[in-house]
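Each protein sequence line maps, in turn, to chains A and B. Counting in the numbering used here, the first sequence runs without a single skipped number right up to 745 at its last residue. Counting in the numbering used here, the second sequence runs without a single skipped number right up to 921 at its last residue.
Do not take every clue at face value.
[Said to hold, decoys possible] The list that follows gives simulated cross-link-like pairs (lysine to any residue, SDA-like), each with its CA atoms no further than 25 angstroms apart:
1) A/Lys548 / B/Pro313
2) A/Lys548 / B/Pro311
3) B/Lys626 / B/Val649
4) A/Lys548 / B/Val649
5) A/Lys548 / B/Pro188
[Said to hold, decoys possible] A short list of chain B residues far from chain A (calculated; beta carbon distances all over 10 angstroms):
6) Glu265
7) Glu584
8) Ala789
9) Leu883
If you're looking for bench data, these hints aren't it; they were derived computationally from the structure. Here the structure is a predicted model, which is why all the values come from computation and not from measurement. Ideal Cβ positions, reconstructed from N, Cα and C, are used throughout, including at glycine.
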Amino acid sequence: MKSSASVLLCLLLCGCDEPAPESFAGLGQQVSGFSQVTRDHPLVFPRDHGAHDGFRIEWWYVTANLKDSQGRDWGAQWTLFRSALRPGAETRDWNSPNLWMGHAALTGPGGHRSGETLARGGVGQAGVVAEPFRAWINDWSLQGHEGIAGLQMKAAGEGFRYDLSLRSDRPLVLHGSQGYSEKSGKGQASYYYSQPFYRVSGEVERDGQCIAVTGQAWLDREWSSQPLAAGQTGWDWFSLHLDSGAKLMLFQVRDTGGLPYRAGTWVSPQGEVVALRGDQIQLEALAWNRQEDGRAVPTRWRVRVVEYGVDVRADAVEPRAWMRTRFAYWEGPVRLQGRVGGRGYLEMTGY
Amino acid sequence: MNPLMLTLRALLSHWQRHRVQCFSIFTGLWLATALWTGVQALNTQARSDYARASAVLAGPLQAQLVPREGERFDQALYLQLRQLGWPVAPVLEGRLRFAGEQPVSVRLVGIEPLSLPSTTAVAGVRAADFDLQAFIGTPGQAWVGPDTLRQLGKAVTDQAVSSEGQVLPPFVLKPELAPGVIVVDIGHAQALLQAPGRLSRLLLTGPVEPLPADIAAQLELQPPSDDGGLQRLTESFHLNLTALGLLAFVVGLFIAHAAIGLALEQRRNLIRSLRACGVSLHSLLFGLALELGLFAVLGGLAGVASGYGLAALLLPDFAASLRGLYGAQVGAALHLPAWWWLAGVLVSVLGALLAGVGSVLQAARLPLLALAQPQAWRLAQGRWLRRQRWLAVFLLLVMLGGWQLGQGLVSAFVTVAALLLASALVLPALLDGVLAWAARGRRRPLSQWFIADSRQQLPALSLALMALLLALAASVGVGSMTEGFRKTFVGWLDLRLAADLYVTPRDTAQGEQMYQWLQQQPAAKVVLPGWRVETRLQGWPVQVQGGVDHPAYRSRWPLLEQHAQAWQQLAQGKGVMLSEQLARRLGLGVGDTLALATDGAPPMTVVGVYADYGNPKGHVLVNADWLRKHWPQATLTGLSLDSAPANVPALKAALQQRFALDDSRVVEQSRLKGWSTDVFNRTFAATAALNSLTLGVAGVAMFINLLTLGQSRLGQLAPLWALGVRRRQLVWLSLGQTLMLSSLTVLLAIPVGVLLAWCLVAVVNVQAFGWRLPLYVFPAQLMQLAVLGILTSLLASAWPLWQLARRQPSDLLRQFADEK
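Whenever a hint applies, use it, and build me the whole structure from the sequences.
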């Protein structure tokens, strides 16, 4: 459910007279003519790794928790958003309905660096091909081998760069009901699947210094035309690699009018997938941190899924992992402490 | 009442008695400020429009990648650079034509807002704040400034269709957008300009690194300074205008200076009395300075207001000049920043200070008991006269130095300015010398008095005479240049536009069809196709034209310099001809070689240089076959055909019908010539107007000087009257004096003016426009100006003389009673 930037991309399209980006109302807008997400639509691979013309928004999202030889924690994020101005198939010229936006970040000892790049569809400056898999925008790319079992992930921004190899032979995880993931309890939903089992090795570079790293990564794929309900203002999203080998995805969508909508997915070390209901999940913000633009964001959480024995404290590795993009949000790696430890990624929008 | 107020009241009472003097100081400052600020208003407006034009996309200080050959390149290069991580933003530019009674062509700029840096502003909108959905979507938006809409004769709600039948996206009014520009999304631009997949240039939005070799073969980096931009192109034009404005300013200051000096002279008694009554020097000086400041502020305010009016009046011609000469678009309405108004008043204050500080200082040093005597004044002026002479000699040396050693427009102007100032400074001494020489051998008392009194008037009149000299010389110089250019230009145009009909095909395929069709038409006697490629030579935009070998070509292409057998060499593809501007810019002459093609063809010899007036781009003439062989992208851009005059309308109609061409694509010679001469006429209209104004100011200077002088002349004339000279005779004598002095000035102004004209055509024009014109002297024009100059001075002296003729004997008698 890492759609913050895509919401923002929608807002970007609507111009500056629209509601302020903080309201995150963009995804609540009903736009006619786009395809709708339905419950009984089976996902088909490798076709669904590619772009889905007809849907309004879509993203390819990789987060990696890494360690260097000195045992220091690093985090890398690679994101590509597609947003359609209007329904319709991709063209081969500038009149393409698609806009593409890339976000990349490198978090590590000494701080957080982020970058952003934009491109129009149609002319080949950015795009995604399902088979053989390749997603790219300008000089950033996610190149697949054997479908998406292997990925070569590259991006660069001001003062940082990374080149990482990802590998997983485990099956994909379909969230919600066979990939149909509800977002509001009022019918808003998206198609959502992940590959949380990547092992990673490669190199990160900051301020000209190259560092070899290894770790684990999580790929999220999601597409929709209207994933949020009106009144939903932002969300907190967790993707956690537990030391037991289990994977946990949790999110809450905050609502101006009432309780947040929560949902998640439990993936056992053996690969069994269980969809979590809102009442099984408890999320509690423990400590807040003021970001560079003055906004306060919770960077320490207590995360509980009692049924599966999860009660951990999630601390941001770098509390000021602020994405300095056109529409800013918080995204960075977290360390887990509790009965079971681990690492993970946290995204928070709408603060 | 405190002493300062008293002093002020006493000082100001002088103006009540001498209203003309008061008026002349005010007028001097007013005119000086008006002309100067008017010129500055035009320059400011034009510069801000250039800045807007170059800022349509980005800051002026932005490096860009431009094609090595031709005007456009494949957008695959853009994608390749983007995938290599280069921060580049694509731009497609072209001319979009609109049919109509007066066909209009505007600059269409296609931009890609997502790849622009978020802080870059386009027409005042930051790239980050673009309404992307509206701008890049369907139907999109066409951003346009109010001036362009007016030019197109459209309202914002109208739908515009180009002469090619392309429908533009709906207009969106952007007041900050430069005139003559329409901004659309790059996708719309590719469709409108029929250039799918093509780009004109790439803006480099990050640091500059060496290009990869395969891309470097096709694109070259153009550093920000080498933009070939309007600012640089038009710099000389504005410098010309500034120089003219400065001249008018100086002339205006001359008036103010003369009047202030005279006022001080006349107030010596008053000042002496005030000091004797116990007013401190400090209060007195403060009072004088305050008075001067008041004049400056009032004159400045009036000047700035009329400067604005003048600029608004001249702006249409001025804009047409810039459009005709440089293709620069300047809006039809003045939008001046607040600082312009403030600067205008400041300039007036500065001018008043320059004009009056000498007098205030003189007042400070005034020996209290010395009596004011015109003769004493003349003697005091003697030293200054000698100093002036030395200054003039020095300036003449500067002029010679500037002419011999200088390069560039600034040194050309230094030469011209030194010439003008030196001749002005040397004028009083010269007149004095001539009068001294004339005085020799005079025996009759009245003729002795005539000369001696003229000499005595000289210091008071000299500033007005200098102003007259400057204005006349400038008129002669600018007039000769303008007329000379007109003569050269019209002759050149007659040769160049010798065909009867000019056709612009839609594309090369249509052009070739037309060529074949026309050759079968008996009515079309001669058909000459013109092939063209737009490229750059040493970063300078250049049009390469391919012409066929035909006797008609030779007769229509007058050469300034040529090789023996120039046309044969051109026909064989061994020779190339250059326009005069390009030859100067590249530093090439006949016999030099030029490597034009990039496909390894051997360099060609420059076999001829021709005039190409009014073209801001360089121009190269080669053989058409050679061009098509080495530049496959060359397009057939025009056909010219000769026909019997009776057949022209039928031929035109047949062409239009057969090839579905509108009026803008088939043009008769007379219409084309009409446009060209119209551009020319408007080009110099603004200059001519400013020039006549300067002459007018000089006339006013003369008038005011004589007027002020006339009031004090009674003292000199009264003794003559007492000795038995009748009033009528006195009037004739005074008239004769004025006539003599102004005739001598006019006599000197003519050679100075001719010298100035030579400087303008041989030095300034070459530096400013790249062409050298033959020097023409038009005797009729000179006579006209001479008569005008003398008439001005006669007119100026008419009023005082008329007053003198009407003076009652009692007035004249009272002069003796007043002890003056």
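Checked hints:
1. A/Lys548 / B/Pro313: Cα-Cα ~21 angstroms, so holds.
2. A/Lys548 / B/Pro311: Roughly 23 angstroms separates the two Cα atoms, so the pair holds.
3. B/Lys626 / B/Val649: holds (15 angstroms)
4. A/Lys548 / B/Val649: violated (56 angstroms)
5. A/Lys548 / B/Pro188: Status holds; Cα separation ~17 angstroms.
6. Glu265: holds (19 angstroms)
7. Glu584: Non-interface label stands for B/Glu584: nearest chain A Cβ at 53 angstroms, farther than 10 angstroms.
8. Ala789: At roughly 49 angstroms from the nearest Cβ of chain A, B/Ala789 sits farther out than 10 angstroms, so the non-interface label holds.
9. Leu883: holds (63 angstroms)
Of the hints listed earlier, the one the structure fails to meet is number 4.
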